[in-house]
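**Q** As a plain string of letters, each chain reads:
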Amino acid sequence: MTTFHLYSFAAMLLAALGVYGLITRRHLLRKVMALNIIAGGAFLLLISTAYRNQGAFPDPVPHAMVLTGIVVAISATGFALALIQRIQKQLGQRPDQEAGDENPDQTETSRSGP
Amino acid sequence: MHILAVLLCLAGAFFFLAGTAGLLRFPDSPSRLHALTKADNLGLGLIVLALVVTSSSLAVALKVILVWLLALAASTSICFLLGQSMLRQDQRQDQ
Amino acid sequence: MSLAPIFDILLITALLLVSWRLLGNSDLFQAAVLFISFGLFLSLAWVRLQAPDIALAEAAVGAGLTGALLFATLKIVEPKQGRSKNGAQPKSCRLDRAAECPGRMHYILASIFVLGLAGLLLTAVFSLPDTANGLAGLTSGFLAQSGVEHPVTAVLLNFRLYDTWLELGVLLLALLGVLGTRDRLGPQNVTAAQPPNPVLSWLVRGLAPFMLLATVYLLWLGDHAPGGAFQAGVVLAATLVLLWLAGLGSVVRMPRHAWLFSLVAGFSAMLVLALCTTLAPDAVALAYPQSWAKALILLLESVATISIGVILASLTVLVLAGEGEANGAGAAETDGKNGM
Amino acid sequence: MTHMLWVVLLPFLGALCCLILRGRAVAGTGILFSLAVLAVCTNLLPGIWTQGQIRVELGGWAAPLGIGLHLDGLGTFFLLLTAIVGVLVGLYAAGFFAQDKKHNAMGRHFWPIWLLLWGGLNGVYLCSDVFNAYVLLEVTGLSAVGLTVLSKTTASLVAGLRYLLAAMFASLMYLLGVGLLYAACGQLDFVLLGQDMTQSPATLTAFGLMVFGLLVKTALLPFHFWLPPAHSSAPAPVSAILSALVVKASFFLLLRIWFTVFPALTGQAGSSPVLPPGLFLGLLGGLAVLWGSLQAVRQIRLKLLIAYSTVGQLGYLFLIFALLSVSHGAGGGPSGATDWTAMAWTGTVFHVFSHGLAKAALFLAAGCLALAMGTDDLNAMRNIAGRMPVITFTLAMAGVSLMGLPPSAGFVAKWMLLRAALASGQWWWAVVIILGGLLTAAYVFKILAYTFVPSQDETVPLRPVPPAMTLTALALALLCAVSGFRAEEVIALLPHGLDGSPLSAQGGSP
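Chains as they are written, first to last, in this note's numbering: chain A, 1 to 114; chain B, 115 to 209; chain C, 210 to 549; chain D, 550 to 1059.
Any given hint could turn out to be false.
Said to hold, decoys possible - Partial selection, computed: residues in chain D whose CB lies under 10 angstroms from chain C:
1) G668
2) L706
3) L758
As the list claims (entries may be wrong) - Cβ-Cβ distance ranges computed for the label pairs, FRET-style:
4) A:L6 x C:L324: 18 to 24 angstroms
5) C:S235 x A:L6: 28 to 34 angstroms
6) C:L422 x B:Q207: 39 to 45 angstroms
7) D:A647 x C:Q397: 22 to 28 angstroms
8) C:Q397 x B:A135: 43 to 49 angstroms
9) C:F238 x B:T190: 20 to 26 angstroms
10) D:Q600 x C:Q499: 26 to 32 angstroms
11) B:L121 x C:R393: 54 to 60 angstroms
12) D:A654 x B:Q207: 55 to 61 angstroms
13) D:D745 x C:L421: 47 to 53 angstroms
14) B:L121 x C:N398: 18 to 24 angstroms
15) D:Q748 x C:Q499: 39 to 45 angstroms
None of these hints come from the bench; they were simulated from the model.
The structure presented is a predicted model; accordingly, all values stated were derived computationally and were not measured.
Glycine included, each C-beta is placed from N, C-alpha and C at the ideal position.
Please take these sequences and the hints and turn them into a complete structure.
**A** The structure is reproduced here in structure tokens:
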């Protein structure tokens, strides 16, 4: 069992755990956390792959890929959390808002859905 | 030198352990905070001292000490802020 | 050396346990705390696997920023978890409220699917060779021509500059997306959730210069050692967010144009490089002129640092502040109507 | 010759300009840049025509180290579709977002995000690197979500969040696949990977993960859950973009991954696997055609109906994986096999094109109706044929193309697919295609029937619709029909590399 195999196994288990959390957890915040755990697993796989190179230094290409991935993950997470906040705000106001505020929007969505 | 560093590290680790035990075992938030900041600052100080002893150059030693000072300032202020917010919450509950 | 496997196994167990607990724990606050420790354990793993660049970024982003964002959202989504007085059940924010809670079948199917997935993944990983070079040889071979001495920076800002450019686009898009859902055009005049505290502002006043120094240091370090635009940008973002929390003015007090230009600076700097190299008759697209490589990379990195810092800070400030004044007004209105 | 990178550069430049400008100048700048992108895409055509495919190494670093851009006939076709739909939707959007103050605010956000999305889509069509594809998927995914939630209604926010979570999940699965692939093969370029692809548990799993991720993004049947709410609750021009273009980008990547990166696993390069994975995808596609169309028939909201129709129509695209998976099992002589392989390719590409135009036209028309009537409930559309004849005509023309009736582009697509299915001896796919066509006819006639029903009260006032909006919708529908009338020319435009060989697997790389 080499270090590479140890960590890549852990990476795969993390990813599987994240997928399980994403499917079974209902709270949105937890879904976002589950996605971040999957991302952690994917990153760990890449970094352990880079570590395999027993030469002078680890392979820098996966490192660069993971850095890019981290930026993408924080962007998407921030966006998702902002959306959750906004949804919460509008659901919280729902009883009042449905009568008045949403009328101008009817061009996009009709409220008389199926 | 080496033995001294190891001893200092061990002492630092002991304080960290004590601080964590306090965090887990103490009954209320102020005393937990107390355990955490006091013990951990001391523990960090001891470990920093160990690093200073083993450091190769003066610049490294100064850097490490600077890290400790920053950590001290941060943890004191944060401890204060936490305490204040706890106080406020208590007052609100009393009302 | 014999200690290393023990450390590895401990670390991996901790990672798996923490993620298991944070997904299974019923208390969301604890889950958010565990998420932060998950990020810290991950950065330990990065250090162990000789990826200091990633460790720096992960500690700042995975543990720091994401944690702050999660807590802020938690506070807004579930203001008083489990102890609502006026009988109203705390509304948990769910994707599909009409659907019923998942039954046992759902869990069984999910477990089967995930077990299959895990089996597949583990078999796949097991079949991988222990030693392989990947592109490490090529990268080190061309490192001398790249203009920088640190291989990760060379990959990010020279060999695969296109990806980095697009990545800045992703960052910009996330902020544009958030702004699109808000009633405002930028973080201007967003006030902090709590009034500034004298001790905090004293601390931040003292820390800010050090953090700016660290930003510049990390940026400069990226040339030959772990560090670079992204890590520096995250430290800059943290500084700006702290300044905002302490009520000391940060992205929220920037003039609109300055703010806008610093948002797009990194993305447009690379765009300009692409434009120039595509327009020039004998240049290769996105290639630096050989002798200018080092200077141009440093320039691009500095501009990217500012962009990353300002974008991440604006994103965080917007999420931390919730809906700002709009939220306050809306809540008051709702309360009033409910009272009637 | 124009440089390929322009098709990415120009939309990005436009996005920055739109972000910095304010007021009326934003829409004008956006349209200007849209036209410029269309011009550049057309300009690339002659090069593709003569050379078949063009490859550029970015930064001067050859493939395994750097990122290459790679354009062939297939990519050009997608580029052109995006440009045509993009320009017309842009003109429509100029009218749509000028309605009132609220829409003005939306428009200010629409233009920069849409142009960034456009750049991302064009980037996908040039992409030749598995990791670069991941970043591009994120660019398109985040911008698509950003556009979806622009209207800020609760429905659109919930749909947008669901879309975002699905897109994040999909791209993470794809990224896991990329990680495994890199660990197994040590490189990232499409063509290079395809050349030394071998079968091992790692590459097989990587293949599965990447395809899975892209299937979720393309909304194939069991993974379509995010599409109808997102596409139906977005503002009209955004719905058109999402349905006509965004889902096609992940389908394009799927084609690349399937035929270029993994030819050894999908039965393209000689060795035929025991159970062709393409059969499975075709099966799901067939189910999607039937189920999506059935759901569309059941809807009573116009936009939701059109969105479900997208689920159904996307199913047709996946038949190609099944059709081509037996090519080497059945094909004794290369001449016979080549004939229907080319037909399958032509049909699929034509379907992408015709569906893109028709669906954009439908969504834009639905937007006009919603603007005029204040709702998109089918019950409210009584006697609309008499009061808004142009919109009704647009709906009919686009519907005809979706159904696959003779004078339209959709007819050519379905005819080609049908012939490929029969010629390859897989008649059961022909049954699916015909059944799907019948169901499509059912929901198209359902829409039209409502518009012709006489109404009891004629008093409901219609808000005026700017002619720019009506005419662009009409233009899209007409284009769809015209490209059907002139099918030979459009087929001739199709890539030269469609002679049955796996696309772009040969040549191009240094």
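**Q** Each hint needs a verdict: does it hold in this structure or not?
**A** Now for the hints, and whether the structure bears them out:
1. Hint status for G668 (chain D): holds, given a least beta-carbon distance of 8 angstroms to chain C, under 10 angstroms.
2. Hint status for L706 (chain D) relative to chain C: holds, with the closest Cβ pair at about 7 angstroms, below 10 angstroms.
3. Satisfaction of the interface hint for L758 (chain D) is found here, the shortest Cβ-Cβ separation to chain C being roughly 8 angstroms, below the 10 angstroms cut-off.
4. Taken as a hint, the range 18 to 24 angstroms holds for the pair L6 (chain A) and L324 (chain C), whose Cβ atoms sit roughly 21 angstroms apart.
5. Between S235 (chain C) and L6 (chain A), the C-beta spacing of about 31 angstroms keeps the proposed range 28 to 34 angstroms intact.
6. A beta carbon spacing of about 42 angstroms between L422 (chain C) and Q207 (chain B) agrees with the range 39 to 45 angstroms that was offered as a hint.
7. Hint check: A647 (chain D) to Q397 (chain C), Cβ distance near 26 angstroms, so the stated range 22 to 28 angstroms holds.
8. Look at Q397 (chain C) against A135 (chain B): about 47 angstroms separates their beta carbons, and that is inside 43 to 49 angstroms.
9. The given range of 20 to 26 angstroms is respected by F238 (chain C) and T190 (chain B), whose C-beta atoms sit roughly 25 angstroms from each other.
10. Against the hinted window of 26 to 32 angstroms, the Cβ-Cβ separation of Q600 (chain D) and Q499 (chain C) comes to about 29 angstroms, which satisfies the hint.
11. At roughly 58 angstroms, the beta carbons of L121 (chain B) and R393 (chain C) sit within the given window of 54 to 60 angstroms.
12. Separation of A654 (chain D) from Q207 (chain B) is about 42 angstroms and departs from the stated range, judged on CB atoms against 55 to 61 angstroms.
13. About 49 angstroms separates the C-beta atoms of D745 (chain D) and L421 (chain C), a value consistent with the hinted range of 47 to 53 angstroms.
14. In this structure the supplied range 18 to 24 angstroms is violated for L121 (chain B) paired with N398 (chain C), their Cβ-Cβ distance being about 55 angstroms.
15. For Q748 (chain D) and Q499 (chain C), the Cβ-Cβ distance of about 42 angstroms falls inside the hinted range of 39 to 45 angstroms, so the restraint holds.
When the structure is compared with the earlier hints, violations turn up for hints 12 and 14 and for no others.
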